[in-house]
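Asker: Sequence:
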Amino acid sequence: MRPWEVYRATQVKIYSSKTCAQLWRPDPRPQGVNHECLLLVLWAVAVVAPSIFASKPAYRTKTSSNGTYQRLRRAGPFEEIVESDVFVTSIYLSEPIAPFINKESLSSPKRNLSVLCDVSCDTTNPHNPIPIYDENSTFKTPTLPVPGFENPPLCVISIDHLPSLLPREASEAFSQALLPSLLQLKERKSARVWKQAEELFNEKVSTLPEVMTGAWKKITGTETGEVNGST
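Okay, so the sequence shown: first residue is 159 according to our numbering, each after it adds one.
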């Protein structure tokens, strides 16, 4: 089984065309075509859960293993994305990866894709895995057409603060992720998250111009400018 098929088995949902209309546009299929809409949800971090995008999935969705994601992200572009109707992606991009789709793969005669919801919005990243658009949409104008694709038309939802559309769900998700580290604040010299945060902070401070590091030394009362246990 290919890596994508492993991911597909855990990340694909089937929705009616009516349900797909929740993504800010009418039934994405051409008039006269009546079939269920295939929605692919690709996520690697718990910023936006796939379940928020539609209400009646035919298949249960769960997060794939990190190993599967590692293999998957070296294998694009994916024909399965192009052949779906709606594609939602929410990943954390930390290094170069192969594109999930590109304009060449979208030129396939098998393309059904007409709605792309890019929660990640890595438009300014040179390694953007969705290199088919270069601007973000807004709540006022949530969809942007992708030029050159008319049959069916292809539009992008690229709102870079999309989680704020669902403030309660977003707040609960972020707080659940943050709370364990906050509870370790009193142990920040030994807790992994706080130790790594301090190391990264000091590393970045050390690269600042002297005029800035000098001001930081005065604030912290240290000669090195590093964070210490009393600050």
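Quick caveat, the hints were computed from the structure, so don't treat them as lab data.
Among these hints, one or two may not hold up.
[Said to hold, decoys possible] What follows is a set of in silico ranges between Cβ atoms, one per label pair, in the way DEER data are often shown: (1) G372 <-> E308: 19 to 27 Å; (2) S364 <-> N260: 37 to 45 Å; (3) H285 <-> E356: 25 to 33 Å; (4) S322 <-> K353: 43 to 51 Å; (5) P303 <-> P267: 30 to 38 Å.
[As the list claims (entries may be wrong)] Below are the SDA-like pairs computed for lysine to any residue, each with C-alpha atoms no more than 20 Å apart in a straight line: (6) K347 <-> P325; (7) K344 <-> E357; (8) K261 <-> T299; (9) K261 <-> K298; (10) K298 <-> P325.
Only a predicted model underlies this, so the values are computations on that prediction, with no experimental measurement involved.
Cβ atoms here follow ideal geometry from the backbone N, Cα and C, with glycine treated the same way.
Asker: Each hint needs a verdict: does it hold in this structure or not?
Answerer: Now the hints, each set against the structure:
1. Range check, G372 to E308: Cβ separation about 59 Å, and the 19 to 27 Å hint is violated.
2. For the pair S364 and N260, the beta carbons lie near 39 Å from each other, so the given range of 37 to 45 Å is met.
3. A C-beta distance of roughly 28 Å is found between H285 and E356, which places it inside the suggested range of 25 to 33 Å.
4. For the pair S322 and K353, the supplied restraint of 43 to 51 Å is violated, since their beta-carbon distance comes to about 31 Å.
5. Range check, P303 to P267: about 20 Å between beta-carbon atoms, so the 30 to 38 Å window is missed.
6. Distance hint between K347 and P325 is unfulfilled; the C-alpha atoms sit about 33 Å from each other, more than 20 Å.
7. Distance hint between K344 and E357 is fulfilled; the C-alpha atoms sit about 17 Å from each other, no more than 20 Å.
8. Distance check on the hinted pair: K261 and T299 sit about 23 Å apart at the alpha-carbon level, beyond 20 Å; violated.
9. The suggested pairing of K261 with K298 is violated, with an alpha-carbon distance near 27 Å, which exceeds 20 Å.
10. A distance of roughly 17 Å separates the Cα atoms of K298 and P325; the hinted pair therefore holds under the 20 Å criterion.
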